[in-house]
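Protein chains: 2
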Amino acid sequence: MSFQKLDQLGHKLEALEHALAILGADEATHMAVGGGEKRAEAMSSLAGMLHAQATAPEIGDWIAAEAEQLGEEQQAAVRELRRQYTNLTCLPVEFVERQTVARMRSEQLWRSLRARNDWAGFLPALEGVMALVREEAALRADALGLAPYDALMEQYDPGNRAADITPVFAELKAFLKDFLPRALAAQETRLARHPLKPLSGSYAVDRQRELGLAMMAAVGFDLTHGSLSVSHHPFCGGVPTDVRITTRYKTSDFLSALMGVLHETGHALYEQNLPKAWSHWPLGKARGMAVHESQSLFVEKQIGRNPAFWRWALPVVERHLGEAWSLDDILPHVHHVERGLIRVDADEVTYPLHVILRYELEQELVSGRLEVADLPEAWDARMRDYLDLSTIDNPADGPMQDVHWPSAAFGYFPSYTLGAMMAAQQWAALTREHPSADDDLAKGDFSSINGWRRDRIWSQGSRWSTPELLERATGEKLNASYFTEHLRKRYGG
Amino acid sequence: MSFQKLDQLGHKLEALEHALAILGADEATHMAVGGGEKRAEAMSSLAGMLHAQATAPEIGDWIAAEAEQLGEEQQAAVRELRRQYTNLTCLPVEFVERQTVARMRSEQLWRSLRARNDWAGFLPALEGVMALVREEAALRADALGLAPYDALMEQYDPGNRAADITPVFAELKAFLKDFLPRALAAQETRLARHPLKPLSGSYAVDRQRELGLAMMAAVGFDLTHGSLSVSHHPFCGGVPTDVRITTRYKTSDFLSALMGVLHETGHALYEQNLPKAWSHWPLGKARGMAVHESQSLFVEKQIGRNPAFWRWALPVVERHLGEAWSLDDILPHVHHVERGLIRVDADEVTYPLHVILRYELEQELVSGRLEVADLPEAWDARMRDYLDLSTIDNPADGPMQDVHWPSAAFGYFPSYTLGAMMAAQQWAALTREHPSADDDLAKGDFSSINGWRRDRIWSQGSRWSTPELLERATGEKLNASYFTEHLRKRYGG
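If you're matching them up, the sequences are chains X and G in order. Each residue of the first sequence is one higher than the one before, starting from -2 at the first, in the working numbering. Each residue of the second sequence is one higher than the one before, starting from -2 at the first, in the working numbering.
One or more hints might be untrue.
[Unchecked claim] In silico lysine-lysine, DSSO-like type, Cα no more than 30 Å apart, as pairs:
| hint | chain 1 | residue 1 | chain 2 | residue 2 |
| --- | --- | --- | --- | --- |
| 1 | X | LYS9 | X | LYS273 |
| 2 | G | LYS2 | G | LYS486 |
| 3 | X | LYS170 | X | LYS474 |
| 4 | X | LYS282 | G | LYS9 |
| 5 | X | LYS194 | X | LYS174 |
| 6 | G | LYS2 | X | LYS9 |
| 7 | G | LYS474 | G | LYS174 |
| 8 | G | LYS9 | X | LYS2 |
| 9 | G | LYS440 | G | LYS170 |
| 10 | G | LYS282 | G | LYS2 |
| 11 | G | LYS9 | X | LYS9 |
| 12 | G | LYS440 | G | LYS247 |
| 13 | G | LYS282 | X | LYS9 |
| 14 | X | LYS486 | X | LYS170 |
| 15 | G | LYS9 | G | LYS282 |
[What the hints assert, rightly or not] Take a look, some chain X residues computed to stay more than 12 Å from chain G by CB distance:
| hint | residue |
| --- | --- |
| 16 | LEU20 |
| 17 | LEU43 |
| 18 | GLU94 |
| 19 | TRP116 |
| 20 | GLN152 |
| 21 | SER226 |
| 22 | SER253 |
| 23 | ARG316 |
| 24 | SER433 |
| 25 | SER445 |
To be clear, the hints were calculated from the coordinates, so they are not data collected in a lab. Because the structure is a prediction, the values reported are computed rather than measured. Beta carbons: idealized from backbone N, C-alpha and C, even for Gly.
So here's chain X without its partners, still in its complex pose (with noise of 0.2 Å):
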């Protein structure tokens, strides 16, 4: 009875869900102009009674009254209810309101002061959103049990504790740090004999698009729940049943659209082969934020910029933009590796080094360790240890650079190099079982690589914490050699 309580209380959620995500991507892609201050007062609105609903006191009954009598896959769905309505409701309402006022206005300071690069005109509120976001951590950490940052981290990738994985970060850092010199050597070694061969020329939007719908569709996009469009900033949204990706065009760069065509594939194949008889319950979404990423940078990183891909790849392109261009003149282009202040411009080399940097502040900052105020000098000093790059006179790439902090997001940053490891961790679990499936992609043949996927990550939903899914689906906890070793091998050096 409390369980058929539960049940009808999904589908509502999930309307209210289904509604806020379609707007969502409504209002990146086809929103009139003049039509976001009645969309921001409708999503709040909406959100309001999402929230309301899904925190109603009676779900407590109804979780607490189950238990006994359910079969297995119930007893899941209503343990990842629980941790859900937990999660939800350890904060009380008159802090929630007292951040999302802090977080607003810092949000929108952010904005308008990064592009002036004015630190010092910004610290008083990052100071004012950090104080809150202690306050937070120790809220989520009492309610949950849990230390503090584990308690944050604990919102996006269920299990993931700080303990686990610093060991695992320590070890790819020293790699890295030695790694990186040794890979920008070879590749200008490589260079050297064989020159950058620009893939100039200019292509058409619809052919660039028809590329990347060909592209989707070859790597197990189903356009019947599904569709590409354009926006300001790719993205993966819409629902389940109606996936909504995103890139944008230049017409001098297809290489750009359509990795970004590859990495939101990626999002949208997890999301469209989630259990669908639970899809109104937490227990049918997708795990969290780092298996998010590991499935987009598994399409995008592990597939996308594969060699043995772009065999098959390269007469598609071909047949769309008409350019015959070999493997010597695509590979430099996908596996560019270079220093640069800005995460999200980063290569796959330099991009752990960016999430290290964040992982540790943010730890110290949780803390009390570290001071908003001295964040400027501790960034830079780690930049230069790590990247041998310079940020003291540049705040705005530095401290200032992502919306996060700003909006009082930590715990978040991990999520994407524990899912660039995953990634890599899941291939090299899938070519033991399948040792062809470079074969397979040469061919274009995504099938058995998709089965496995399909197996061990999709329809697992959320039955499992991050790491628990980690474990089942490779064998074994998260282990950095698999992604040290991909990179090796890709990078040289």
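Following the hints, complete the assembly by docking chain G onto the known chain X.
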């Protein structure tokens, strides 16, 4: 205090209406084909939340508590809310549930059986619907103190009464039965002198779309608060700050897409120019179906088929399609008259006869003077009388032609022709005040015309009943002579 509660409620209802409007428009334009089932689930769930929140018992108390110490406009807002609340709450829930089941079943049956021209198979379902409509009319009549058919019309056009409409329709019918043969003869004479020149050629969808956008913008559509897409059936949807209109294109027939764009632009101008401060109250919404249709027909027929308009429009068409047609080329197409069985394909001369036929029959059906089993003969008799055509062997194009009756929408049909008459009456009133309106059209200057409409119609929202709004805008009650005079002038004979 109660007013404030109603105001807050309005914002919540507006958010749900916003979601439903955008999800509905999205479904017909951008949704992936496989997304339909979940979309229907989500929309039905959101519609349920909207209905529950709009009919909550405490609203009745809040409305009753008001009346004193409110400004005149606030009183009007509460009055209109009370009217809507009464209409929404006058049917018992168990009745609505029974009716919803019967209606959905009947609509589904209609779709399959109309395609097979199977009246006998469909009859029992329509009889079931009819019994419920009679019950509904009695319930509404009781709650509103109106005659049963008036109580049904009240949902679509508040204030419309059969006692006022029937004599006007009778006058129109008498005119048309006499006028139609003469208009057809006059058309034949003209075509004998100047044979019809086909507007043939193939016009790329992109260029037709640009032409449509140029026309929309010129006529007053605010492209920062709306957009033009493609759908199977043209519609105007979305929300006032983001109006979604659609058309469909045939490369061999630019005129049908363009006239569709003009029609929907008429609906859109009304939505875009409603009073913004009241957008979350019934007061701020469009008055009803007849007034809405008067706005679309104003743009499509009074403006868009006016020869003066085409003096301006032909060069615009030439710029986009590259064809230098003359008025003599285009007007015979724009003013083509032809007897036909299908209402939605009818021209402005024959359309009212289709509507009056349905208006007469549905009153007899609601009152019980006519039984559903006798409908094919009754339909055929009137069709022969009004349009000299028979449907006795073709019920699919007779009483099974429209979705309205299978979906229990009785009292809606008169709105179409009331809208056409109101548009003619508005144009006549406007040209009395602005005798140069035709010259304005010939210059593509819509400012005075739209100024009059904004002032008299759009800005009024739902402040007045339908007949009051017309009388305040034009200085007199509904009067058939403006429409008949318009037809006489345009179609000669």
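Structure-based check of all given hints:
no.	hint	result
1	X:LYS9 / X:LYS273	holds, 16 Å
2	G:LYS2 / G:LYS486	violated, 53 Å
3	X:LYS170 / X:LYS474	holds, 18 Å
4	X:LYS282 / G:LYS9	holds, 27 Å
5	X:LYS194 / X:LYS174	holds, 29 Å
6	G:LYS2 / X:LYS9	holds, 24 Å
7	G:LYS474 / G:LYS174	holds, 24 Å
8	G:LYS9 / X:LYS2	holds, 24 Å
9	G:LYS440 / G:LYS170	violated, 36 Å
10	G:LYS282 / G:LYS2	holds, 19 Å
11	G:LYS9 / X:LYS9	holds, 16 Å
12	G:LYS440 / G:LYS247	holds, 29 Å
13	G:LYS282 / X:LYS9	holds, 27 Å
14	X:LYS486 / X:LYS170	holds, 17 Å
15	G:LYS9 / G:LYS282	holds, 15 Å
16	LEU20	violated, 6 Å
17	LEU43	violated, 5 Å
18	GLU94	holds, 17 Å
19	TRP116	holds, 36 Å
20	GLN152	holds, 25 Å
21	SER226	violated, 8 Å
22	SER253	holds, 24 Å
23	ARG316	holds, 23 Å
24	SER433	holds, 31 Å
25	SER445	holds, 24 Å
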